[in-house]
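Asks: Read off the chains here:
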Amino acid sequence: MSTVVSSADTRRAGAGPREDARAQAAGPKPARLSPGRVGIYAFLIVSALFFLIPLYIMVVTSLKGMPEIRLGHLFNLPSEVTFKPWSDAWLHACTGRDCFGLSPGFMNSVKITIPSVILSILIGSINGYALSFWRYKGANLLFGILLFGAFVPYQVVIYPLIIGFRIMGIYSTLTCIIIVHTIFGMPILTLLYRNFYAGLPIELFKAARVDGAGFWKTFFYVMVPMSVPITIVAVIIQVTGIWNDFLFGIIFSGRPNWPMTVQLNNIVNTTTGVREYNVNMAATILTAAVPLAIYFISGRWFVRGIAAGAVKG
Amino acid sequence: MASVSIRKLGVSFGSLSVLRDLDLEVAEGEFVVLLGPSGCGKSTLLNAVAGLLDIDDGQVWIGGKNVTWEEPKDRGIGMVFQSYALYPRMTAEGNLTFGLRVAGVAKDEIAKRVARTAELLQIEPLLKRRPAELSGGQRQRVAIGRALVREAGVFLFDEPLSNLDAKLRTELRVELKKLHMTLGSTMIYVTHDQIEALTLADRVAVMHRGVIQQLASPKEIYQRPVNRFVAGFVGSPAMNFVSGELVANSDPVLRTADGTEIRLAGYPFNERPQSGRKVDLGVRPEQIHFDSTAPGATALPLALTLVEPMGADSLLWGSIGDQSVSLRIGPDETHKIGEKVNVHFQPAAASIFDAETGERL
Ligand SMILES: Nc1ncnc2c1ncn2[C@@H]1O[C@H](COP(=O)(O)OP(=O)(O)OP(=O)(O)O)[C@@H](O)[C@H]1O
Ligand SMILES: [Mg+2]
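Keeping their order, the protein sequence lines are chains A and B. Numbers in the working numbering are just positions in the first sequence, counted from 1, shifted up by 323. Numbers in the working numbering are just positions in the second sequence, counted from 1, shifted up by 85.
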């Protein structure tokens, strides 16, 4: 052990004398990996496996037929690959009495997510813009309240919201769930945009005012074009958050509009007949596909957007 | 072209009162520079003229019209900011034309104005570039262009050159002066650089703590500062101050704490000097010479302490009692440090301030 450590030390010393390294070459030849490195990689690989094994089991199981699953060889690759569970999950799996698979849920999630994301980002960015440039009376108080909103447990507001929407007559509709997502997206989005705009030079805003641009023109022509990086962050946060939502979906959207997550839950928990593990696995992967895709596509942009505070014109 | 008149202007931020009861008249076509130390309220005054902040008190008139409650765009002003403040997502041309497009100016008129402005500022080759693709000097040119295309009567500059390196600053300073001569527009220019102020201005307004201390031609400001603040702030190297007590004989004399007497014959006192009054005598380094032949020259006994070479000339430091005095000497002159010498200045060209109020006597 001691020889290994000392060899690592000479390495760290940079241009350490080669002779030393060679003298110790009697032991295991030091490759590029120092013991510290090995430890780090080992840890990373183990954690990656920890998270990947369930995914592996899900993928493998979803490609097996039921008879093969019953054999109980959880880790085995499918002896006969079948895509039927996937098409079943998408088109035929039963939730209660309906057997249309996940596809209606997917469509519902799209119908909920797209307008919610657009609306919440639009309002959040306008909020942030107004709060950082138009320092109207009570702006700070409003911002404080909004931030406070980020810490209120959802459970506290759900019932009052239900009553409110009932009275307005839009409870259990698409509109209702879109409004809910928009409201709950407000604190984080306002904070995100306010901090972004607060980092811009106030003179930019003054220049636009001298140029005759009012509240909206300054926003749309000057601020929005500069907001691309932060908007990418906002889109990622909102799409994944809203797509993954279960609680609001089941409460506020109404049965015909239930999002994919709720339908997934119902498919997995349907108790009639045998439990079709392969279909369940396929359905789960399908539901997770959208956030996964977003992360894979935009990971690079996400980091860039987070660092975008430093972007100067 | 338009005149600007600021009347009894008061501006405060919360409980911090920045400008109080401020009056300023700028004539048509005049170039007025607001000069003062950081935080004295120059930008605040300029923003008040532009209409970019709420004022508490007073009025702003531009071109004979009360614009106190007008939006910036309706005041007939163009403004250039210290940080350029170009719209980063628009090309230089887009920056120039944004205001005109917002105002709904006709396309061919816009093209005409852009062409004219671009030619004037020599930025034609830059028009298609984004601000990020421009150098600092080019950005500031575009920013000036954005103010010019508005063809406003009054141009407001808030330290437009302070982000540029020294060489570029000199270049653009000359160009701004030329621009003013070409256009003849009224210009209000904020800076804390006294060279800019003295070279560019028709009149300089020296500000301190939100109050205009003196509003006069650069020459007047330099030669006859109205108070100690102006005297000390303008001029580099700074004016020398020697404090002491007035002795009003037939020839008034300044007696310093260590008993040195400096004759002040020829100084144009505003009022009869009173014996025993504590005063500060202000003499600029270039007004002090070894040569005693100048008419009316008076002697100043100095113990030499230090030479500071400054390139074109050197600064020789000496002391009267415990007070330091500097004078400009040629770069090749040599003097013995520690030596006691007599140097000379003309009281007629000096300044004397009351030690308590700081006012010129
Ligand atoms: N928006 C604001 N809120 C509060 N105080 C302010 C605000 N703007 C300026 N001040 C204060 O008003 C005073 C004058 O500021 P101003 O910007 O006019 O100074 P300035 O003369 O332009 O200084 P500089 O040369 O540093 O630009 C300063 O004390 C500053 O702290
Ligand atoms: Mg300023």
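FYI, nobody ran anything at the bench for these hints, they're computed from the structure. Incorrect hints may appear among the rest.
Residues from chain B shown here face chain A by an in silico Cβ test under 10 Å; the list is partial [to be verified]:
1) Glu-156
2) Ile-162
3) Leu-171
4) Pro-416
Over the 10 Å line for every Cβ pair with chain A, so calculated as not near, a few chain B residues [stated by the list, open to error]:
5) Ser-168
6) Arg-201
7) Arg-294
8) Asn-334
Note that the structure is predicted; figures quoted are calculated from it, not measured. C-beta atoms are modelled at their ideal positions from N, C-alpha and C, and glycine is treated no differently.
Asks: Are any of the numbered hints broken by this structure? If so, which, sorted upward?
Replies: 4, 5
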